[in-house]
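Dock chain B against chain A, hints included.
There are 2 protein chains.
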Amino acid sequence: MSDLAGCPLCEGDGGALVWRGERLRVIHADEPGFPAFHRLIWNAHVAEFSDLTEADREHCMQAVALVEQVLREQLEPDKVNLASLGNVVPHLHWHVVARHTWDSHWPAPLWAAAQRPRDAEREDGLAARLPQLHQALRERLQHWARPFTQ
Amino acid sequence: MSDLAGCPLCEGDGGALVWRGERLRVIHADEPGFPAFHRLIWNAHVAEFSDLTEADREHCMQAVALVEQVLREQLEPDKVNLASLGNVVPHLHWHVVARHTWDSHWPAPLWAAAQRPRDAEREDGLAARLPQLHQALRERLQHWARPFTQ
Chain A
1 MSDLAGCPLC EGDGGALVWR GERLRVIHAD EPGFPAFHRL IWNAHVAEFS DLTEADREHC
61 MQAVALVEQV LREQLEPDKV NLASLGNVVP HLHWHVVARH TWDSHWPAPL WAAAQRPRDA
121 EREDGLAARL PQLHQALRER LQHWARPFTQ
Chain B
1 MSDLAGCPLC EGDGGALVWR GERLRVIHAD EPGFPAFHRL IWNAHVAEFS DLTEADREHC
61 MQAVALVEQV LREQLEPDKV NLASLGNVVP HLHWHVVARH TWDSHWPAPL WAAAQRPRDA
121 EREDGLAARL PQLHQALRER LQHWARPFTQ
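Chains as they are written, first to last, in full-length UniProt numbering: chain A, 1 to 150; chain B, 1 to 150.
Same shape as in the complex, but just chain A (with noise of 0.2 Å):
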């Protein structure tokens, strides 16, 4: 692994973390107005999902795609976004947010303006559902993971 001085993403986890395997970890991101909030970061410094192999890049997809099955089974969001940008931080991370139609900024990209007020409760409904989520993730992740270790 090659880490970078002065990334946030190589000095620390960039969040709470909730699994970490030897290529990626998945961490809860603490953003307000979206509980269901995850990244999912490679933990080598990278800068573009090009730059990975195709193996690799193989392998982060397999991890994003089984965070958002996780997501949806667990939370049944509207919708899930996903997106790779590293503008401020170039070390590649994926955004994998949970969006439903009363949060406030639907339908538009939780990066735009708002559309209407937070809705607190609904908000706190779903973060109660996080300890049970993680450890869907955590679970989940291991057993997907479990082939690259042996």
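Warning: the hint list may mix true and false statements.
Any copy will do: because identical chains look the same in the list, a pair fits if it lies in one copy or spans two.
To be verified - Computed list of lysine to any residue pairs in SDA-like fashion (alpha-carbon distance at most 20 Å, straight line):
{"hint": "1", "residue 1": "Lys79", "residue 2": "Ala113"}
{"hint": "2", "residue 1": "Lys79", "residue 2": "Arg20"}
{"hint": "3", "residue 1": "Lys79", "residue 2": "Glu123"}
{"hint": "4", "residue 1": "Lys79", "residue 2": "Trp144"}
{"hint": "5", "residue 1": "Lys79", "residue 2": "Trp111"}
Source of the hints: derived by calculation from the structure; they are not laboratory data.
Chain B in isolation, oriented as in the chain A frame:
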């Protein structure tokens, strides 16, 4: 392919067609301020990335990475942004956008508020390179897709 009545990405190309394969197509989007905005659109109507089979997900992301790579080679962007949102049009499509430090929104996401006025001269300079970019995209995507159509 399953078409959905009323879905703009089932009923049309969704932009200026650059290349069409059996499973996906690449279009150039007319998005003011971002001359190098492309979308990779899955031809069949599926909403979420994890609705695809693993083989189709790999196929999809091979193409996303290839489009990103050609954009990097041809346009030397400061960053490429990838996103699959679909809140408004829930038909799987990937935004693949070449970002530059001079663009109106840098380093914010392109859906956020602008950070500065648009630079018409540099936008025009980027737009002038699109014919060559699109030719390169067609050649590379066609070469990549050949094994799948034999």
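Hints, one by one, checked against the model:
1. Lys79 <-> Ala113: within (18 Å within a copy, 23 Å between copies)
2. Lys79 <-> Arg20: For Lys79 and Arg20, the Cα distance exceeds 20 Å both inside one copy (25 Å) and across copies (26 Å).
3. Lys79 <-> Glu123: within (16 Å within a copy, 33 Å between copies)
4. Lys79 <-> Trp144: Close neither inside one copy (23 Å) nor across copies (31 Å); limit 20 Å.
5. Lys79 <-> Trp111: This pair counts as both: shortest intra-copy Cα distance 15 Å, inter-copy 17 Å.
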